[in-house]
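> Below are the chains, spelled out letter by letter.
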Amino acid sequence: MKALTWEAKQNVALRQVRDPKILRPADVVIKITTAAICGSDLHLYNGVIPSMKKGDILGHENMGEVVEVGSEVKKLKVGDKIVVPFDIACGHCHHCEHEEYSACDNSNPNRYMLDELYGHGAGAALGYSHMFGGYAGGQAEYLRVPYADTNSLLVPKGIEDEKVLFLSDILPTAYMAAQNCNIKPGDTVAIWGAGPVGQLSIRSAFLLGAERVIVIDHYKSRLKMAEATGAECINFEDTVEGILDEINYLTGGVGPDSCIDAVGLEAHGHTITAVMDRAKMAVGLATDRPDVLRQAMMACRKGGTISIPGVYGGFLDKIPFGSAFGKGLKFNMGQTHTQRFMKPLLDVILDGKLDPSEIISHRIDIEDGPQAYKEFNDNKEEFRKVVIKMH
Amino acid sequence: MEKQMTSTGIPVNQAYTPPTAESYRPKKAIVPDRNVFKNIFPDESESRLPSSDTINKPLAYVSEIILDLENFPQFFENLERIEKAEGNITRWFFQGDENFPITLGFRSLNKGRTFVWKTTDAVGFDYTLAIHLEPAQADRGTIVRVMTAYDSKVTEILSKLELIFGKDALGAAKKNLQRLKAFCETGHVPTTEGQPSGRDEDSVILSPEENQSVLKH
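Residue numbers (the numbering used here), protein chains in the order written: chain S, 754 to 1144; chain G, 3 to 219.
Bound-form chain S, shown alone (with noise of 0.2 Å):
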């Protein structure tokens, strides 16, 4: 089959590998029907997440038809169309059994790696290095997906991929981050990053009950589609008062209730504390970019919530500690508990209350998945969120 493959950093491939087989009776294998590219793929791209190894087939928002099935799925079959979460979890463990998939005990074979590094090593995910498990990811024209009882999401029939596809993650991303905010009536939501989780972000903000959302990027065609969701936009290279100063003047000196955000170990800005965080990361001395969590941090009102969709990798440097002890902030993080949320979200979308498939801006063959890459990283203003059309 066809593949996409890492290959270094800033270097994916198409390559013809062999096609997935059932390893263990609880997989099944399906032909991806869609596929999408995610911003964190961009993180792998750029190198900035450890572990990967040349030719780790990427993808972990994907789509298809059961082709194979092991001898204990009980709740598939063949001809069956899914939606595959990112995150893969066991539905054996205790935080299985608790509905924190992603924190699942079972599914990395590599979680020893992850517990020098984290104290305690989270579950596996699709695609995404090997200390997240090794696994094989679906930017392919076939997949394994392991403990499949668990890991899909059955699409009704008649339903556009594009309307569900994001079911395996940005969604589902965008929602619980929305929700670790514990919204109430009235509440201001700034959420920083318009890529796809912040717009997601902005509609799930508004179906939980914010009043009004405040969203905090610098690319113009980003922030025109958060407009037209109704949000109040900040280019932060346009404001004069500085992001800090506009959110407060904004929010008549009190702060956000809640900040979300969006953008986690690669944020870009022209802060000091930014341009630091570029220069030691190029050296190698820091590993991530936290300058979104900084400002996030001390724009927030006194005794409000941090919620970070964000995806952080390692150790995090000037973080205003002082400011959200003074404050009183409570945190929500982590990587999202994709399941939880499929079959809700999915009612939503049936509902009608929600388009995933707005964000999308590219559509593209396989063959066309090098390219995408490498454009979706340089040009960010253009290219939005891109699907890969398998079959």
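Source of the hints: derived by calculation from the structure; they are not laboratory data. Every residue gets a Cβ at the ideal spot worked out from N, C-alpha and C, and that includes glycine. Please note that the accuracy of each hint is not assured.
Once the Cα atoms are required to be at most 27 Å apart in a straight line, the calculated DSSO-like pairs of lysine-lysine come out as [to be verified]: (1) G:LYS59 with S:LYS827; (2) S:LYS1106 with S:LYS973; (3) S:LYS1083 with S:LYS1071; (4) S:LYS828 with G:LYS59; (5) S:LYS1133 with S:LYS806; (6) S:LYS1106 with S:LYS977.
To spell it out: a stretch of chain S is covered by chain G in this simulated footprint if at least three of its residues, at any positions, have a beta carbon under 8 Å from a beta carbon of chain G; those stretches are [said to hold, decoys possible]: (7) 761-774; (8) 969-983.
Once you have looked at the hints, place chain G on chain S.
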């Protein structure tokens, strides 16, 4: 009765008694015995690899899995098989050393909650594997504590130990415990062995002319 006074003039509260663990902690609290392995590993000069994990299954279930030696190769990396010999003696065959099994004697202690496998005198070096099971609090399953120990003074055994553990002994011990947990909870150990990859030995880079579909399904 005259009140007893401190040097600062504050009366001493004679009714005060210092708290004990039972004063505040719930009576049903399960507190681990930190000395559970003390009698099994009296030799302080041994190198030890302690680890523990909690398995989301009842103690009897975990115990049954562990005592069925046919299960061991499923979760103990590099272990090919275990053969029962006479009495409580077992022979452990590791990958790459099929002709030279390690002979271990078995004991069950603490009313069937502690299992110990220890090299017999004939082996020529000391290696002990002890597994202790206890119920986790609040019906959270079974805490499995594992201690392995070996005589670190004898350099000749290093190659044998590398067979058992690989080069990172503690990492391998923890990994094996995680594999046991997965085996108990899901029936299988997670794997990516046998999956496709784009490694050079496993694939070819496609040129634009070769971008033709090769679908089999």
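> LYS1083 of chain S and LYS1071 of chain S: Cα distance at most 27 Å?
Holds - the C-alpha atoms of LYS1071 of chain S and LYS1083 of chain S are around 18 Å apart, at most 27 Å.
> Given the hint that LYS1133 of chain S pairs with LYS806 of chain S, test it: the Cα-Cα distance must not exceed 27 Å.
Satisfied, since the Cα-Cα distance of roughly 26 Å is no more than 27 Å.
> Next pair to validate is LYS1106 of chain S with LYS977 of chain S; report whether the Cα-Cα distance is within 27 Å.
Roughly 21 Å separates the two Cα atoms, so the pair holds.
> Does LYS827 of chain S sit within 27 Å of LYS59 of chain G, going by the straight-line distance between their CA atoms?
Satisfied, since the Cα-Cα distance of roughly 21 Å is no more than 27 Å.
> The segment 969-983 of chain S covered by chain G? Criterion: 3 or more residues, Cβ-Cβ distance below 8 Å.
violated (count 0)
> Is the Cα-Cα distance between LYS828 of chain S and LYS59 of chain G 27 Å or less?
The hint holds at about 23 Å.
> Can you tell me if the segment 761-774 of chain S counts as covered by chain G, using C-beta to C-beta distances under 8 Å and a minimum of three residues?
holds (count 9)
> Does LYS1106 of chain S pair with LYS973 of chain S here, judged by a C-alpha cut-off of 27 Å?
Since the Cα atoms of LYS1106 of chain S and LYS973 of chain S sit roughly 26 Å apart, the hinted pair holds (cutoff 27 Å).
Going through the hint list in order, the structure does not satisfy hint 8, though it satisfies all others.
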